[in-house]
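Protein chains: 2
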Amino acid sequence: MNSGTGSNPAVGDVRPATSDAKEAKLSALIGALSARLDQGALLMGDDVGDGYRGDATDDRGPRPALVLRPRDTADVSLILSTCNDLGQPLVIQGGRTGLSGGARPREGEVSLSLERMTRLENVDLRAGTLVVEAGVTMQSVQEAAEEAGFLFGVDIGARGSCTVGGNIATNAGGIRVLRYGMYRAQVLGLETVLPDGSVLSSLKGLPKDNSGYDLNQCFIGSEGTLGVVTKACLRLHPLPPLQVNALCSLPSLAAAQALLARLRQELGPLLSAFEVIFPEVYAGVATGGFATPPLPVGAGLYALVEIQGQDESENHERFAATLMSAVEAGLVDDVVVSQSPRDYRGLWALREACSAFIFSMDRMVGFDVSIPLARMQDFLTDAAVRLLAIDSSARPYVFGHLGDGNLHYMVRTDRYEDIADAVFDVVAETGGAISAEHGIGLDKKKWLPLVRSASEIAAMRRMKRAFDPNFILNPGRVFDMETEAAGKAPR
Amino acid sequence: MNSGTGSNPAVGDVRPATSDAKEAKLSALIGALSARLDQGALLMGDDVGDGYRGDATDDRGPRPALVLRPRDTADVSLILSTCNDLGQPLVIQGGRTGLSGGARPREGEVSLSLERMTRLENVDLRAGTLVVEAGVTMQSVQEAAEEAGFLFGVDIGARGSCTVGGNIATNAGGIRVLRYGMYRAQVLGLETVLPDGSVLSSLKGLPKDNSGYDLNQCFIGSEGTLGVVTKACLRLHPLPPLQVNALCSLPSLAAAQALLARLRQELGPLLSAFEVIFPEVYAGVATGGFATPPLPVGAGLYALVEIQGQDESENHERFAATLMSAVEAGLVDDVVVSQSPRDYRGLWALREACSAFIFSMDRMVGFDVSIPLARMQDFLTDAAVRLLAIDSSARPYVFGHLGDGNLHYMVRTDRYEDIADAVFDVVAETGGAISAEHGIGLDKKKWLPLVRSASEIAAMRRMKRAFDPNFILNPGRVFDMETEAAGKAPR
Numbered sequence: 098m099n100s101g102t103g104s105n106p107a108v109g110d111v112r113p114a115t116s117d118a119k120e121a122k123l124s125a126l127i128g129a130l131s132a133r134l135d136q137g138a139l140l141m142g143d144d145v146g147d148g149y150r151g152d153a154t155d156d157r158g159p160r161p162a163l164v165l166r167p168r169d170t171a172d173v174s175l176i177l178s179t180c181n182d183l184g185q186p187l188v189i190q191g192g193r194t195g196l197s198g199g200a201r202p203r204e205g206e207v208s209l210s211l212e213r214m215t216r217l218e219n220v221d222l223r224a225g226t227l228v229v230e231a232g233v234t235m236q237s238v239q240e241a242a243e244e245a246g247f248l249f250g251v252d253i254g255a256r257g258s259c260t261v262g263g264n265i266a267t268n269a270g271g272i273r274v275l276r277y278g279m280y281r282a283q284v285l286g287l288e289t290v291l292p293d294g295s296v297l298s299s300l301k302g303l304p305k306d307n308s309g310y311d312l313n314q315c316f317i318g319s320e321g322t323l324g325v326v327t328k329a330c331l332r333l334h335p336l337p338p339l340q341v342n343a344l345c346s347l348p349s350l351a352a353a354q355a356l357l358a359r360l361r362q363e364l365g366p367l368l369s370a371f372e373v374i375f376p377e378v379y380a381g382v383a384t385g386g387f388a389t390p391p392l393p394v395g396a397g398l399y400a401l402v403e404i405q406g407q408d409e410s411e412n413h414e415r416f417a418a419t420l421m422s423a424v425e426a427g428l429v430d431d432v433v434v435s436q437s438p439r440d441y442r443g444l445w446a447l448r449e450a451c452s453a454f455i456f457s458m459d460r461m462v463g464f465d466v467s468i469p470l471a472r473m474q475d476f477l478t479d480a481a482v483r484l485l486a487i488d489s490s491a492r493p494y495v496f497g498h499l500g501d502g503n504l505h506y507m508v509r510t511d512r513y514e515d516i517a518d519a520v521f522d523v524v525a526e527t528g529g530a531i532s533a534e535h536g537i538g539l540d541k542k543k544w545l546p547l548v549r550s551a552s553e554i555a556a557m558r559r560m561k562r563a564f565d566p567n568f569i570l571n572p573g574r575v576f577d578m579e580t581e582a583a584g585k586a587p588r
Numbered sequence: 098m099n100s101g102t103g104s105n106p107a108v109g110d111v112r113p114a115t116s117d118a119k120e121a122k123l124s125a126l127i128g129a130l131s132a133r134l135d136q137g138a139l140l141m142g143d144d145v146g147d148g149y150r151g152d153a154t155d156d157r158g159p160r161p162a163l164v165l166r167p168r169d170t171a172d173v174s175l176i177l178s179t180c181n182d183l184g185q186p187l188v189i190q191g192g193r194t195g196l197s198g199g200a201r202p203r204e205g206e207v208s209l210s211l212e213r214m215t216r217l218e219n220v221d222l223r224a225g226t227l228v229v230e231a232g233v234t235m236q237s238v239q240e241a242a243e244e245a246g247f248l249f250g251v252d253i254g255a256r257g258s259c260t261v262g263g264n265i266a267t268n269a270g271g272i273r274v275l276r277y278g279m280y281r282a283q284v285l286g287l288e289t290v291l292p293d294g295s296v297l298s299s300l301k302g303l304p305k306d307n308s309g310y311d312l313n314q315c316f317i318g319s320e321g322t323l324g325v326v327t328k329a330c331l332r333l334h335p336l337p338p339l340q341v342n343a344l345c346s347l348p349s350l351a352a353a354q355a356l357l358a359r360l361r362q363e364l365g366p367l368l369s370a371f372e373v374i375f376p377e378v379y380a381g382v383a384t385g386g387f388a389t390p391p392l393p394v395g396a397g398l399y400a401l402v403e404i405q406g407q408d409e410s411e412n413h414e415r416f417a418a419t420l421m422s423a424v425e426a427g428l429v430d431d432v433v434v435s436q437s438p439r440d441y442r443g444l445w446a447l448r449e450a451c452s453a454f455i456f457s458m459d460r461m462v463g464f465d466v467s468i469p470l471a472r473m474q475d476f477l478t479d480a481a482v483r484l485l486a487i488d489s490s491a492r493p494y495v496f497g498h499l500g501d502g503n504l505h506y507m508v509r510t511d512r513y514e515d516i517a518d519a520v521f522d523v524v525a526e527t528g529g530a531i532s533a534e535h536g537i538g539l540d541k542k543k544w545l546p547l548v549r550s551a552s553e554i555a556a557m558r559r560m561k562r563a564f565d566p567n568f569i570l571n572p573g574r575v576f577d578m579e580t581e582a583a584g585k586a587p588r
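Residue numbers (my numbering), protein chains in the order written: chain A, 98 to 588; chain B, 98 to 588.
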């Protein structure tokens, strides 16, 4: 078995290497690659900009001594097999918009950036699919789909700079998961390069294919630790002629949950988004001038809901009538339904202004958690108590995707570690997930054992060893392999 | 690395063991288990019925010397760890309705049947989820969902006897994949036991959870070769108040494809099934008395289409109007829209009668293939030519799930192997899949290299080694490990 650990004592970067040995390795790498890649493929020295030092979090890692920028899959294959032979660890970088430090370099890592792999094929109109390279932005995918009369099912705030490869590595979510599923559900095929340079190509775009293991599933959501995705065949949906949204003010979270159940039941697949904004965030957006909300501050909760339908008048009427009946039932205090594309965009701009408001404040730490709907109030109550016990000035700012049980739970504090310990403890107690859609990266792996058992983490390590036996791909992201490197039993 | 091959020379069943050694192993197994499991857990001798010798294919394997029937996850864990320690291979059996021989025992295998694990929890009404054990039938899941006001998204003909565990192992498909996705899309969580007895439990039911690898994805569709699923948390959908179907006669496959595109565009997510019946099958059903179809024989093709909607009158009218406009456009020759639940059931009975007609004929061999829509006519034309060249009496009988590109392609012939070589060659040439929804099992692995590259199969073997290093779970299904067992390099 080519597992590496027995046969190659210099595995990964876990054994301290001397500075000389590192430089020799880097020289060997540059020597091997510069002759076989084009001039733009290697950035070194001052050409390595600050952007390569991190992601959308505040922290910066060391400047990589080398940034490798392949043009195509063959380049990626060459780079990976060369690095694998040398035991050279890589940080894989896409749009670097992550929020868990996954793309932040660590000491000794060379960057592999997919930024030059930005080709899109034409939309296959009959199949409703689109094949793109990993460096294509989400917005380019959305626009190509729309031009061909289709909708791409995932949308997130970072759409303009996040890339397909990173979206797949983190199994991106966003605002329409309750209708279209996570990014995983958009992937009909992948092309992936393994550390040994072998290329797994599965781009047929077949909706049904049970011919052997669906290897693609391993790479979706594994944060670049098992292989490097170079291309994807993405599933598109017919473009819905109608998109309408509405902003509701509600008395409470319980009312919002009852509204969600009612809309699901009465609107079925028309319902495409159900977002919530808690009053502290809504007030901050309004008073800070980040947006001009159409309903006054002071409600117990705000919900932004959306339908996507086929029949303009029928579906619009049905949506309005369903919301009105929710007002009559006392679930909703007030509601504004968009009457024009301008209204529609305005309400979504209000939702995006939440992030702008949050990012405008210093000392803000964020948690991206999933909580079972039945336990969400318990989570909020218990977490608030725990926060105050640690920092009497700590107050939560909350918004997110209630339709999927996903809250962005932000806290303004100087005591990040203690607050994180407390919030994640309560997440675990209420049966939730410490990362709903942002992944684990470097920054959350400390807390992974709160929500994943020792057996599960052991199984993750088995997969890592199977696909990346020399630990060159995003090492140390999601979980550590230290126990093995220290010579202990693998389980 | 606990990969077994180095440390345990008696791996799997690939080295010929003496009869004595096999019997000693079996005695040791029975001794270890009988003291710790209840009396109903071990079947031996005459208590092992013929049913345990196979699946829904005609072939029968040897009668297993022992059938193990755990009551719960702890029993499964004990059974697997004991077999793993002894190197005792197992065939994993659910409802034994498979069509690829995956559940057919091989010489020396003991059966692990999940038939006594049939508990269902109550439906979680707020989350819309249901937790069940692996031995629960699909029909029980469907009925429990409906009683609680929900729909389960997958339906196949074997619903009365196929089980959740087998459905997950084969990533079942069926008639509503174009609306709800494959079985994979219904799985929100799994509990799985690995060969070493460790239990991976992930039954939180969270729609968004990116906290580490989604290990569940590895077990879905891997045909019981990586772990034994003991429980699943299944996603349910709001029960649609309206279900209407229609039977169309059409001039050609091209017309059916145009109709599919039109219905997708105009009906969006209302469209829940798009099945086709080719004229030879339709005529056989009608003249053989398997059903009484409402449209005359003789058309170029028949399509059975269905919508599931929220608003009875609106959606019904919309469906009828869309089909009428397709008649006016010349895509459809004639159409019957169901006007009552009885009509509705009658049309689905017609579709199910296709299987009854097919199974009534001797010498019938079946292929379950996916073909890209753009190449489907090429596939049909080329395959027909290839068939006739081999057997001048061979004629294809075709029906299936056009909405997903999945055809059940049946041929009446005595020359199975030659015909299979030819059909699968054409599948590969047209970019298709040799198994759309039935899996590979024992019976199709010979042809797997036609559609999956050597790198892909090598990656599957890496996963097998990582999860089942002693090759005790369904060995020889999907692919063989011989090269490794013979001491060759693992790649």
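You may find that some hints are simply not true.
Identical chains share a label here; the pair holds if one copy fits it or two copies do between them.
[Claimed, not checked] Straight-line Cα separation of at most 20 angstroms, EDC-like style, residue types lysine to aspartate or glutamate; simulated pairs:
id	residue 1	residue 2
1	301	475
2	543	518
3	301	218
4	301	449
Quick caveat, the hints were computed from the structure, so don't treat them as lab data.
Earlier hints that do not hold, by number
Hint 4 contradicted; others consistent.
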